[in-house]
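Numbering-wise, the sequence shown is residues 1 to 243 according to the UniProt record's numbering.
Calculated directly from the structure, the hints in this document are not laboratory data. Careful, some of the hints might be misleading.
Stated by the list, open to error - Pairs of lysine-lysine residues, derived as DSSO-like cross-links and limited to a Cα-Cα distance of at most 30 Å, are as follows:
(1) Lys193 - Lys51
(2) Lys130 - Lys161
(3) Lys109 - Lys220
(4) Lys68 - Lys51
(5) Lys130 - Lys220
(6) Lys161 - Lys9
(7) Lys161 - Lys220
(8) Lys193 - Lys161
(9) Lys109 - Lys130
(10) Lys109 - Lys161
(11) Lys130 - Lys193
(12) Lys51 - Lys109
(13) Lys9 - Lys51
(14) Lys193 - Lys109
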Amino acid sequence: MAFEYTPPKYAQLIAEMERRIESGEYPPGSPLPSEHQLMSEFGMARPTVVKALGVLRDNGWIITQQGKGRFVRGRPALAAGQHPRTGRELLERREIPSVTRLVSVGLVKAPRRIAAYLGQDAGASVLLRKTVVDQDGQPSEIVAVWLPPQVAEGTALAASKELSQGVRRQVESVAGVGLDHIVEHLTARNPDKEERELLGVGASAALLDLYAVACDATGKAWVVLQTVLPGDRHELEDAYPIR
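Could you build all of it, start to finish, from the sequences and the hints given here?
Here it is as structure tokens:
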């Protein structure tokens, strides 16, 4: 059964504050409304307001001056939307037929690592959706989406055709929850037989294996996105503000 998803209140407040800063309604250097004022205007409890302000501070939109209050810093030079982290990009990515090949989709026994991420017993049934992404005429990465069967049942995630919408929208719609954060794990290893065939690499090739575990606000994992990258075809780059 699909549910209509409404973003949590703190996320709604974050979006509105970012909009006001970008529009110039709250110009750089100006004091931010107090917690009490925001609670009154938006009808939110203090913990919700404090959480939203903490995210805005951590993302570089506002600054806190001890004893003086919170002030607008402006749109951060490295805004999250400009430089999406790998896991977030995978969560939002559509499967474009011209560059994405669907390799397989169906129920499999969960490997130990995947079962641990999803809080399931090893060997439990999970849905695996696997695609290969081509770039410049050669296979560039293998993307695997792992999730509990009840989350994928009856959705495009379980269908044998490319996704026209990202995994995030599908999961949030079915689960009726908002995905709050991603935990990433990066390892390096040699390819297995299937990966050698799909990527066209040798047995001694170095692969980067990144797992992005998407969780709700309680920390419950709903989906694991795995990307397998040939080390000689990729360079991982990250950028973040220094505070």
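Here's how the hints hold up against the structure:
no.: 1; hint: Lys193 - Lys51; result: violated (47 Å)
no.: 2; hint: Lys130 - Lys161; result: holds (11 Å)
no.: 3; hint: Lys109 - Lys220; result: holds (20 Å)
no.: 4; hint: Lys68 - Lys51; result: holds (19 Å)
no.: 5; hint: Lys130 - Lys220; result: holds (23 Å)
no.: 6; hint: Lys161 - Lys9; result: violated (35 Å)
no.: 7; hint: Lys161 - Lys220; result: holds (28 Å)
no.: 8; hint: Lys193 - Lys161; result: holds (25 Å)
no.: 9; hint: Lys109 - Lys130; result: holds (14 Å)
no.: 10; hint: Lys109 - Lys161; result: holds (22 Å)
no.: 11; hint: Lys130 - Lys193; result: holds (15 Å)
no.: 12; hint: Lys51 - Lys109; result: violated (38 Å)
no.: 13; hint: Lys9 - Lys51; result: holds (10 Å)
no.: 14; hint: Lys193 - Lys109; result: holds (18 Å)
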